[in-house]
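Trainee: So for the sequence shown, the UniProt record's numbering puts the first residue at 1; every next one is plus one.
These are computed hints drawn from the structure, not numbers from a lab. Keep in mind that the hints are not guaranteed to be accurate.
Capping the alpha-carbon separation at 30 Å, the derived lysine-lysine pairs in DSSO-like fashion look like this [unchecked claim]:
| hint | residue 1 | residue 2 |
| --- | --- | --- |
| 1 | LYS367 | LYS426 |
| 2 | LYS238 | LYS367 |
| 3 | LYS295 | LYS507 |
| 4 | LYS248 | LYS459 |
| 5 | LYS238 | LYS218 |
| 6 | LYS491 | LYS47 |
| 7 | LYS248 | LYS22 |
| 8 | LYS22 | LYS218 |
| 9 | LYS238 | LYS47 |
Label pairs and their computed distance ranges (CB to CB) [unchecked claim]:
| hint | residue 1 | residue 2 | range |
| --- | --- | --- | --- |
| 10 | GLN436 | LYS541 | 34 to 40 Å |
| 11 | GLU12 | PHE120 | 29 to 35 Å |
| 12 | ARG603 | ASN338 | 32 to 38 Å |
| 13 | LYS544 | GLU364 | 39 to 45 Å |
| 14 | MET594 | GLN39 | 50 to 56 Å |
| 15 | GLY596 | SER443 | 34 to 40 Å |
| 16 | GLY142 | ASN210 | 21 to 27 Å |
Positions of the beta carbon are idealized from the N, C-alpha and C atoms, including for glycine.
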Amino acid sequence: MCGIVAYIGHREACSLVLKGLKRLEYRGYDSAGIALINQQGLAVFKKKGKVAALQHELTGKDVQANIGMGHTRWATHGEPNDVNAHPHYSFHRKLAIIHNGIIENYAAIKQALLKKGHTFASETDTEVLGQFIEDIWENNGGSLEEAVRLALQEVVGAYAIVIMSQEEPNQLIAARKGSPLVIGVGQQEFFLASDATPIVEYTKDVIYLNDYEVAVIKDSELSVVTLDNTTITPYVHKVELELEAIEKGGFDHFMLKEIFEQPRSIADSMRGRVQAQEGLLQLGGLRDYLDKLAKSKRIVIIGCGTSWHAGLVAEYIFEELARIPVEVEYASEFRYRNPIIKEGDIVIAISQSGETADTLAAIELAKSKGATIFGVCNVVGSSIARATHAGAFTHAGPEIGVASTKAFTAQVTVLTLMALAAAHRKGTLSESLFRQLLTELESIPAKVEQVLQAADKIKEIAYIFTYARNFIYLGRGLNFPVALEGALKLKEISYIHAEGYPAAEMKHGPIALIDEDMPVVVIATQDSSYEKVVSNIQEVKARKGRVIAIVTEGDSHLPGLVDFTIEIPRVHEILVPLVSVVPLQLLSYYIAVMRGRNVDQPRNLAKSVTVE
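The task is simple: from the sequences and hints, build the whole structure.
Mentor: Here it is in C-alpha cells:
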C-alpha cells in the first residue's frame with residue numbers, strides 16, 4: 001500500500017527521502033511525489049509512475065533542503081495521474097500533506113469547504129483533509145498542531161499523515177489511526193516512514209506511533225500527544241532489521257532471494273523453540289495462554305490472501321493433532337456477516353506485515369465479543385502484534401517481494417508449532433509422535449534446500465508453459481491449500497488465470513476445462529490420499545490434459561503417467577506443505593520472468609493492504 005518517508009534534521013532531505021521511497025517500492029504504488037521547504041518556500045513535485053520518473057522531474061530544480069517528505073501512492077480516490085499524486089497543497093498553499101488510508105467522510109467535509117469558496121485540484125480525499133486542517137488553522141486562531149487534532153476528531157476512516165507548513169519550516173506534524181507510522185530517532189534529526197525499511201540505514205531507535213496519537217517534531221524536539229491533547233511518553237524500540245536484509249544480495253529479484261531464503265527463515269522460526277533431542281517445544285509468546293489454547297472448544301483463524309492459505313493448512317493440523325474444531329475465515333468478510341464469537345473462543349490472526357486493515361478490524365470485533373486473540377505476524381511492533389493477547393512472531397526477516405513466499409512457510413511453521421504445543425499439553429498426541437514430528441521439523445530446512453537445488457529443472461518446465469493462458473492446480477488434504485497458494489502465486493506475478501481445487505472436486509465442474517492446452521499441476525505426494533490423486537491424474541490424462549506432478553522422491557509410478565515430475569524429499573504428511581509449496585513458487589517465478597513481468601511489483605497489487 002502507499003508509502004510515506006519524511007525527514008527533518010541536518011542532512012540533505014531530498015536524496016534521503018528519494019532513497020527511502022525506493023526502499024518502499026515493494027509496497028506497490030502508481031505515482032510518487034516529494035515536498036521540500038527551502039529558501040524559495042514550500043515546493044511540491046510529483047509524477048505518475050515510478051520513483052525514477054519523479055527523480056527525472058527533479059532534474060535541474062532547486063531541491064536543497066533539510067526538511068522534506070515523500071509519498072508513493074496506490075490509488076483509491078481518483079485515477080493514477082500527476083494531479084492525484086501526493087503531496088497535496090492546501091487551498092492557500094500554506095501546507096502540504098501526505099496520507100495513507102481512506103477518509104470515509106471526505107465527501108461531506110468537501111461539500112462544507114466548497115460552500116466556503118474552496119476549490120480542489122484533485123479527486124483525492126487527502127487534498128480535502130489538507131484543506132480542512134488549513135481552514136481550521138486559519139479560522140480558530142490556534143496552533144497548527146491544534147488544528148490537526150481538531151480536524152482529526154472530525155474524520156472518519158483510517159490515516160497516517162505527515163504535514164509540512166511553509167510558515168513553520170522547522171516543523172513536521174504526523175498522526176495515525178489504523179495505518180502504520182514509524183518515527184526514527186537520531187542525533188538532532190528525525191525520520192518518519194510507513195515501516196522501518198527506509199530508516200535502518202540511519203538509526204535503529206524507533207517509535208511506533210499508536211492510533212489517535214499526534215507527533216510534533218519542532219526545533220529538534222519530539223512531542224507526542226493524543227487527539228484530546230494528553231501528553232504521551234513514547235517508548236523507543238530497538239529495530240533488529242539489518243540493511244543487508246532489504247538488499248537483493250546478488251539475486252535478480254527479491255522474490256527469488258526470498259524463495260531461496262526459506263531454509264533459513266523456517267529455521268529461524270523454530271530457533272529457540274524446538275529442541276527435538278530433548279523433546280522440548282517452547283513458545284514464549286504463548287506461555288501464559290497455552291492451557292487456554294489446549295482447552296479451547298473452538299478456534300477461528302483469520303487472514304487474507306497467502307495468510308488465509310496458511311490458515312487452511314493450520315486447520316488440518318490443529319484438528320488432526322489437537323482435536324479442536326477449527327474454522328478459517330477471510331478477514332475481509334469476517335465482520336460483515338455478524339459472526340458468532342463467544343467467550344472462550346480462540347481467534348488466530350495471521351498477517352505478514354501485522355498491519356492488514358481487514359485483519360485488524362476482525363481482531364477488534366472478536367475482542368469485543370470476549371475472544372482470546374493470538375497473533376502470527378512477522379513484524380515486531382506492528383499493529384496486530386500490539387492488538388493481540390498473545391502470539392508468536394515468524395522471524396522470517398523482511399519480505400520485499402509483493403507475492404509472499406517465505407512468509408507462507410514461516411507462518412505454516414509457527415502454526416504447526418502452536419498445534420503441536422496444544423496437542424502435547426492436551427494429551428491428544430503420543431510422546432513418540434510428538435518427538436518424531438519435532439525431529440522431522442528440524443530436518444525441513446535441509447529438505448527445502450534440496451528442492452531448491454532442482455531450480456534449473458523447474459525453470460526448464462516453466463519455459464514450456466510460458467505461453468499458457470490458464471492453469472489448474474489440484475491437491476488433496478493438506479496439499480489442497482498448497483494448490484490454492486500455487487495458483488495464487490501464478491496469478492499474482494504472471495497474470496495467467498489459475499485456479500486451485502481439491503483434486504476430488506475436479507469431477508464436479510473443472511474437468512470440463514481439460515484439453516490439450518490446459519496445464520494441470522497436481523501435488524501427488526505419497527501420503528494417505530496418494531491412490532485417489534493418481535486416479536484424478538488418470539482422469540486428466542484421459543482428456544489430454546498436460547500434467548506437472550509434484551511427487552515424492554523415488555516415486556516410480558507417476559513419471560510414466562504424467563508429462564513432467566518435480567521430486568520433493570519424503571516428509572511426514574503433516575509437514576508436506578512446507579516442502580511441496582516450494583516448487584510451485586519457483587514455477588510461478590520463472591514463468592513470470594519469461595513473460596517479462598515485474599515480479600517484485602506486479603501490477604495493481606500492494607504488499608501491505610492497510611485500507612479496507
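Trainee: Would you mind marking each hint as holding or not holding in the structure?
Mentor: Going down the list of hints, with the structure as the test:
no. : hint                          : result
1   : LYS367 <-> LYS426             : holds (25 Å)
2   : LYS238 <-> LYS367             : holds (29 Å)
3   : LYS295 <-> LYS507             : violated (39 Å)
4   : LYS248 <-> LYS459             : holds (20 Å)
5   : LYS238 <-> LYS218             : holds (23 Å)
6   : LYS491 <-> LYS47              : holds (28 Å)
7   : LYS248 <-> LYS22              : holds (13 Å)
8   : LYS22 <-> LYS218              : holds (26 Å)
9   : LYS238 <-> LYS47              : violated (35 Å)
10  : GLN436 <-> LYS541: 34 to 40 Å : holds (36 Å)
11  : GLU12 <-> PHE120: 29 to 35 Å  : holds (33 Å)
12  : ARG603 <-> ASN338: 32 to 38 Å : holds (35 Å)
13  : LYS544 <-> GLU364: 39 to 45 Å : violated (51 Å)
14  : MET594 <-> GLN39: 50 to 56 Å  : holds (51 Å)
15  : GLY596 <-> SER443: 34 to 40 Å : holds (38 Å)
16  : GLY142 <-> ASN210: 21 to 27 Å : holds (23 Å)
Of the hints listed earlier, those the structure fails to meet are numbers 3, 9, 13, in rising order.
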